[in-house]
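Dock chain B against chain A, hints included.
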Amino acid sequence: MAALKLVGRNYTTPDLVAKVTGQAKYAEDFRVDGMLFARLLLSPMPHARVKKLNLSAALAMPGVKAIITADDIPAPAATVTDLGQTIQANMKGERALTSEPMYQGEPILAVAAVDELTAIEAIEKIEIDWEPLPFSVDPIDSLRPGRPTARLEGNVWVRPPAKPGTPPPPPEVQNLKWTEEELADARDGRLPMGKVPDQWTYGDLDAGFKNAALVLDETFVTPNTSHQTLESRTAMAYWQNGKLFLHCSTQSTVQTVASVARWLHMDPNDVVIISQYTGGGFGSKATGTHTSIIPALLAKKANAPVMMRISREEEHYIGGARPSLHGRMKVGFAKDGQITAIDMFVVGENGPYEPQGDTAQSGRIVSLLYQPQAMRWRGVSVLTNTPPRRAQSQPGGLQGIMLMEPLLSKAARKLALDQVAIRRMNAPEGKAQFGPASPQGTRAHATSSFMKQALDRGRDLFKWDERKAASGKRQGAKVRGVGVAMSTFVAGSVGFDGLFVIKPDGRLYIQSGIGNLGTESVSDVHRVSAEMVGVPWEKCELTWGHTGRNLPWSCVSGGSQTTHAHTRAAHAAATDAIKKLQQIAAKDLGGRPEDYEVANERVFRKGGGAGITLAQAAKRAIELGGIFDGHELPKEINAFTKRSATALAGQGLMGVARDSYKHDGATHSFVAGFAEVEVDVETGKYQIVDYLAVADVGTVVHPNALGGQVLGRSMLGIGHAIGQKWVYDQHYGVPLAKRFHYNKPPTILDAPRKMAWEALDIPDPETPVGARGIGEPPVAAGCCAILNALADALGDEIFRRAPVMTDEILTALETGRPTQDPLTAHV
Amino acid sequence: MAEIKMPEPELPSASRRGFIKGVIAAGAVASSSAYLFRSTSLLGQPSAPGAVERLITLNVNGQDRRVDVMPQETLAMTIRYKLGLTGTKIGCDRAECGACTVLIDDVPHYSCSFLTQRARGRKIVTIEGLADPATGKLSAVQQGVVDEQGFQCAFCMPGFVMAATGYLKTNSNPSRQELAHGISGNLCRCQDYDKILTAMMRGAEYMRKG
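Residue numbers (our numbering), protein chains in the order written: chain A, 1 to 827; chain B, 1 to 210.
Bound conformation, chain A alone (with noise of 0.2 Å):
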């Protein structure tokens, strides 16, 4: 591209407006007539069964229209990818109601009703018998000989072996349990490590500690967090010929019709989603909600529009967490610093449904971020009896990093050498190898890494140098200590659709499947295609968040995918248009196609001279039909760009394609987070004093999102260092922490008091506008620089769990040792 006027630049986002005041539409804003009311049932108990349900006194109160139970809710079904493969479905996986609840909050039932009081009452004379089961709130305990399990017949997930030529079979509960030999190392505060059911290992383990200078081996506990977006997952539903509309809180548009479609056993041609704003989802939304079929079930039900509305206590129960992982961390290292062999052992705390990913990943994302030269990680999920876990921002990536900076940093301590240097020395380099070799023998690589540039630029920008000889010294009660940290994680995927069409009033009208939670890549991404076929933004419309208008094949918008995929299919589909508009003026004005050349909203000869407008450019393809107009469409195009792009036909040129560029590698994008704190050692209370993330993103398309995409997911990861965890009741199995009050997410005065964050703008060279995704990297990076600070500013023998909160401190340093109970969940 030439020089850009959009690409790179801020600019008032097309939503912009209606946030700031106050017509921004979220799920719960929306009413329809004759609405009527649900509330839900919540499962008092950890682990129960419902042996008899009584809801004659429900039913025949006047203003109830329709109560569901589980057996209301179809079964899951199996998901058949983009690419056609099947996945069979878990038949033990989370469903919307259920009538054996795994932990206290799951919902049992739903009424409808005139209004909130008559269904609230109605659910008081709900008469239910339970049966209560045994249960475990508590990983480590679970695998104790004779200790519970969190269902009857187990406490992990297997995957049997897939049989050659058949999908593979969906995991099995199997019981999992560790002999007292194998748990003799709880007893000293080390993590046990027993027998698990998955592992891999790669380069020479044992040749690798041998040769070590230093070696450490230490145990750390990640906490579990919710992710508490400020909107509740409600719901409104209503249906029409057939046809579901389903107004709902979820991150991606078009990626959610699949979902709930296969909730509902339903033809995705029938589910209508509604939803052009999302009051934030971190993982726990990402293609839409499982409790949102409620209100189209009751809906249907009782033949009237049904809302939803979620409490913030029920939000806790059924919004999903990030699952802690007890980890236990040996690292090799050389007299210089550099790691020579890594042995990773995790225990994830899994809740009770879908078997977790984060146990896997952390392994993935540590094995490519400090490139160890062998590895080997070990790790299983357990079940517990608690809210079900959800992909949070960096899933896995955040508690593999959280289980290693801490140790990287006394590795530095001991051999005496400088934090960043020794990170910089471990850091991935361009086309960096990472996790174990596949059946073939190769490893897999990442697009690009410029962790290190990343590394040399915060050194300068942070004066890391001149804070470096400050830390540590006490002035009076106060401390300071400064901390770096890397992280990294996936940051896009490829092949999905970009669609618009250049209409006869001289106006871009582009089609966005991509979800509005806050990030802005619902519309930052189509500037690219603004830029390309040279039409000011100020004549473009954008049509998103709603599913009945003719929206193209998009990804999820999560796991920090979008930026990159829809940068590339933007591009696909203005590299088409243009095409196309070259042959039309070939067509018109004479010449080869390759002879013209887009720019300024006109196609012209190369070189100035005869061209047209692109409104002219339009009608002409308008008449000319054909592949013009979108008459006819190129195979390779989702089916469901291919319903959107067939009603958008015949209306002006259009643009549109599937990203089929190459692509060789992962795509990742890494940040270096840099962090001082100042500690009062009387009060144990202390301030994030200034915070500077240095972002590898690849190329920049929105500063401003970019900025706060990079600064808030900091924050997010800083929560996990500083105050966020759940407490439960472990006799009862219940939660205590339900509320903002007790979990304790950052407020704006626990807010660094300075924050900054860079962009190295170095673009990626395997996708072609160069852009990567930037959502989930800044967590781990915030929140282990403020950890690295810490021990900084007070010694290694403070914390050997996150968060670090005030009394953990005046006890360590009161007694000289970390004094947390090591192995226990939810303390």
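To be clear, the hints were calculated from the coordinates, so they are not data collected in a lab. Among these hints, one or two may not hold up.
To be clear about the criterion: a stretch of chain B counts as covered by chain A if any three or more of its residues have a C-beta under 8 Å from a C-beta of chain A, and this derived list gives those stretches [stated by the list, open to error]: (1) 91-101; (2) 152-158.
Facing chain A, from chain B, some residues (calculated, C-beta under 8 Å) [said to hold, decoys possible]: (3) T86; (4) G87; (5) A180; (6) I183; (7) S184; (8) R189.
Glycine included, C-beta positions come from ideal geometry on N, C-alpha and C.
What follows is chain B alone, placed relative to chain A:
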């Protein structure tokens, strides 16, 4: 803050249904406002003696609005579900997050924890009432948000904008630290606090310039 003295409702019986029947005044309520409120099936009942007046006048965004309000009803419910001003968000309904912040006589309040009956005779401003009604010109704080691309998902945004607007009326030239304290009763879960504060500081600057 002036307290408005309210007559105490007498509870005719222990039954919630009876109580609600007793206090409902005549008038039609659209079903779409039936979130926590009893809907039409119970209307048309005669008022019980000693009941709180239900049909009251609220001054919202400079307009007098007649509205049917229960004694236990919060201002957030009235604003959102009876007056249709859905810009005010409910994030926790328990005075923890501030998403429902509105101005009452220029002072920021959590409307989820403020009884509507107490707002009688007072000036209520919501996010919808900040821009100039004639020209649509945004308020200083709103313009600050637009110019800095403040906030991400923006579910917390109306609350923050109202809190900042209220705070700046008491301190028009705050430091970053002071303004952070001024809006610290509001939670953002996207946690882009740094840019939020920058946007609010920009709003303060616009406010001073007039």
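Hints, verified against the model:
1. 91-101: holds (count 7)
2. 152-158: Held - the stretch 152-158 of chain B has 7 residues with a Cβ nearer than 8 Å to chain A, which meets the minimum of three.
3. T86: holds (4 Å)
4. G87: The hint holds - G87 (chain B) has a Cβ within 8 Å of chain A, the shortest such distance being about 2 Å.
5. A180: Given a least distance of 5 Å, the restraint on A180 (chain B) holds.
6. I183: holds (6 Å)
7. S184: Holds. Min distance 5 Å.
8. R189: holds (5 Å)
In this structure, none of the earlier numbered hints is contradicted; all agree with it.
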